[in-house]
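Protein sequences, first through last, are from chains G and H.
Going by my numbering, the first sequence opens with residue 1, and the numbers climb by one from there.
Going by my numbering, the second sequence opens with residue 1, and the numbers climb by one from there.
Be a bit skeptical, because a hint or two may be false.
Stated by the list, open to error - Below are the EDC-like pairs computed for lysine to aspartate or glutamate, each with C-alpha atoms no more than 20 Å apart in a straight line:
no.: 1; chain 1: G; residue 1: LYS96; chain 2: H; residue 2: ASP209
no.: 2; chain 1: G; residue 1: LYS101; chain 2: H; residue 2: GLU80
no.: 3; chain 1: G; residue 1: LYS96; chain 2: H; residue 2: GLU178
no.: 4; chain 1: G; residue 1: LYS100; chain 2: G; residue 2: GLU43
no.: 5; chain 1: G; residue 1: LYS69; chain 2: H; residue 2: ASP209
no.: 6; chain 1: H; residue 1: LYS194; chain 2: H; residue 2: GLU205
no.: 7; chain 1: G; residue 1: LYS100; chain 2: H; residue 2: GLU145
no.: 8; chain 1: G; residue 1: LYS96; chain 2: H; residue 2: GLU205
no.: 9; chain 1: G; residue 1: LYS100; chain 2: H; residue 2: GLU100
no.: 10; chain 1: G; residue 1: LYS52; chain 2: G; residue 2: ASP88
no.: 11; chain 1: H; residue 1: LYS28; chain 2: H; residue 2: GLU300
no.: 12; chain 1: G; residue 1: LYS101; chain 2: H; residue 2: ASP90
no.: 13; chain 1: G; residue 1: LYS69; chain 2: H; residue 2: GLU71
no.: 14; chain 1: G; residue 1: LYS69; chain 2: H; residue 2: GLU125
no.: 15; chain 1: H; residue 1: LYS194; chain 2: H; residue 2: GLU146
no.: 16; chain 1: H; residue 1: LYS2; chain 2: H; residue 2: GLU48
no.: 17; chain 1: G; residue 1: LYS96; chain 2: H; residue 2: GLU83
no.: 18; chain 1: H; residue 1: LYS2; chain 2: H; residue 2: ASP90
no.: 19; chain 1: G; residue 1: LYS87; chain 2: G; residue 2: ASP15
no.: 20; chain 1: G; residue 1: LYS100; chain 2: H; residue 2: GLU83
no.: 21; chain 1: G; residue 1: LYS87; chain 2: H; residue 2: GLU125
no.: 22; chain 1: G; residue 1: LYS96; chain 2: H; residue 2: GLU101
no.: 23; chain 1: G; residue 1: LYS101; chain 2: H; residue 2: GLU100
Worth flagging that the hints you see were computed from the coordinates, not collected in a lab.
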Amino acid sequence: MSTTREVTDTTWEADVLKNDLPTLVDFWAPWCGPCRMVAPIVEELSEEYSGKVNFFKMNTDENPSVPSKHGIRSIPTLMIFKDGELKDTVVGFRPKSELKKRLEAALS
Amino acid sequence: MKEYDIAIVGGGGTGLTAAIYAARSARKTVVFEGRVIGGQIATTDIVENYPGFPTGVNGFELAQSFLQQAERFGAEVVYERAESLSRRNDGTFLVVAAGEEYVAKAVIVTAGAEYNKLGVPGEEELTGRGVSYCATCDAAFFQGEEVAIVGGGDAAMDEGIFVTRYASKVHVIHRRDELRASAILQERAFANPKMNFTWDTVVDEIRGDAQVRELALRNVKTGETSTLPVGAIFIFIGQTPNSHILKGLVDLDAGGHALVDLQMRTAVPGLFVAGDVRTQAARQLVSAAGDGATAAISAEHYLAERYGAPAEIRRD
Numbered sequence: 001m002s003t004t005r006e007v008t009d010t011t012w013e014a015d016v017l018k019n020d021l022p023t024l025v026d027f028w029a030p031w032c033g034p035c036r037m038v039a040p041i042v043e044e045l046s047e048e049y050s051g052k053v054n055f056f057k058m059n060t061d062e063n064p065s066v067p068s069k070h071g072i073r074s075i076p077t078l079m080i081f082k083d084g085e086l087k088d089t090v091v092g093f094r095p096k097s098e099l100k101k102r103l104e105a106a107l108s
Numbered sequence: 001m002k003e004y005d006i007a008i009v010g011g012g013g014t015g016l017t018a019a020i021y022a023a024r025s026a027r028k029t030v031v032f033e034g035r036v037i038g039g040q041i042a043t044t045d046i047v048e049n050y051p052g053f054p055t056g057v058n059g060f061e062l063a064q065s066f067l068q069q070a071e072r073f074g075a076e077v078v079y080e081r082a083e084s085l086s087r088r089n090d091g092t093f094l095v096v097a098a099g100e101e102y103v104a105k106a107v108i109v110t111a112g113a114e115y116n117k118l119g120v121p122g123e124e125e126l127t128g129r130g131v132s133y134c135a136t137c138d139a140a141f142f143q144g145e146e147v148a149i150v151g152g153g154d155a156a157m158d159e160g161i162f163v164t165r166y167a168s169k170v171h172v173i174h175r176r177d178e179l180r181a182s183a184i185l186q187e188r189a190f191a192n193p194k195m196n197f198t199w200d201t202v203v204d205e206i207r208g209d210a211q212v213r214e215l216a217l218r219n220v221k222t223g224e225t226s227t228l229p230v231g232a233i234f235i236f237i238g239q240t241p242n243s244h245i246l247k248g249l250v251d252l253d254a255g256g257h258a259l260v261d262l263q264m265r266t267a268v269p270g271l272f273v274a275g276d277v278r279t280q281a282a283r284q285l286v287s288a289a290g291d292g293a294t295a296a297i298s299a300e301h302y303l304a305e306r307y308g309a310p311a312e313i314r315r316d
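With the hints as constraints, model all of the structure from the sequences given.
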């Protein structure tokens, strides 16, 4: 079951910044090959962390505002937020084990 | 501890081709890839020189086809980086990835090469904020901006031409006064009105804040310095082989490439090296694939001689 939801410029604040749970956002675009490889890993993580972390993906082609506000100039980029604050940014494709470590560190 | 007949370190064009051959010979095969499956080819926009695709093929799609073909014959892929490789007393090999141990009777190292960094101030800090080693990943973020490409080879021209789809101007910064790129790419680059060439020049520093703002340049002939305002810098200045996993096991040449014979055999029985990480590689997708096939066939000969035929022949 897919637990990663789409987030847009409009829903950003309510979904990510005001979320009671920590959130991980996967910034991607359809033309980006490595992004298509990150997606299944994020999907697996979203199942493993179900109920602990909320997972979102944002299409940077369709949502220009949030990516530019956060200075995103490279994708895939993953951002981890907790209590409305940015805790960690991961730029580029990384193996699952590393993403898990970064997520654990950001949660603690 | 998981056991395999053949472990392949690196899932680029070489490794995936080796996996197709190894798995198709009914050998239990595993591929380790800690980054993007398909390697360099996966982030190439259009591959024009791979036979069978007269109008070119998207690199990512091609890489996915290699992967599907390897998996169809039963190869397994572990999406983790192989951290270490060692030979055990019984002549088999131990591969460690993400803390897990894997034992294989033969190993093919196809770890490829990594793009070189400039090694100048600002490069590390501004990576992902305008410093890029992948134009197909990042170029779209610089719509209408002026950007720089560093390098004069095929990769630099290929990616530079790709970036002109988005950028208003592409400044090619090259330390010599002529390109090393193939004739067809040079012709296209020179004919592109958005490409602008700055010869005999190196980048001394990348400056910026939340993103790249300007480059400090120096002419290597006159010593004259200047600044160039750009929103991004794409760096394509050659590659370094990923041979660290082979250190202490296999002899390397001066450039760090593993020494192999024409069958991709190293001096260690059962250990094969192929693709960009080996000495004198042509560094093309078609030769990488060829290397992978050669290495897998050599590994099969080695296994047949030392351990006999495969335990079970698949019949599908």
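We went through each hint and held it up to the structure:
no., hint, in the structure
1, G:LYS96 to H:ASP209, "violated, 30 Å"
2, G:LYS101 to H:GLU80, "holds, 14 Å"
3, G:LYS96 to H:GLU178, "violated, 43 Å"
4, G:LYS100 to G:GLU43, "holds, 12 Å"
5, G:LYS69 to H:ASP209, "holds, 14 Å"
6, H:LYS194 to H:GLU205, "violated, 24 Å"
7, G:LYS100 to H:GLU145, "violated, 36 Å"
8, G:LYS96 to H:GLU205, "violated, 34 Å"
9, G:LYS100 to H:GLU100, "holds, 16 Å"
10, G:LYS52 to G:ASP88, "holds, 17 Å"
11, H:LYS28 to H:GLU300, "holds, 11 Å"
12, G:LYS101 to H:ASP90, "violated, 35 Å"
13, G:LYS69 to H:GLU71, "violated, 41 Å"
14, G:LYS69 to H:GLU125, "holds, 18 Å"
15, H:LYS194 to H:GLU146, "holds, 10 Å"
16, H:LYS2 to H:GLU48, "violated, 39 Å"
17, G:LYS96 to H:GLU83, "holds, 15 Å"
18, H:LYS2 to H:ASP90, "holds, 16 Å"
19, G:LYS87 to G:ASP15, "holds, 16 Å"
20, G:LYS100 to H:GLU83, "holds, 17 Å"
21, G:LYS87 to H:GLU125, "holds, 18 Å"
22, G:LYS96 to H:GLU101, "holds, 17 Å"
23, G:LYS101 to H:GLU100, "holds, 16 Å"
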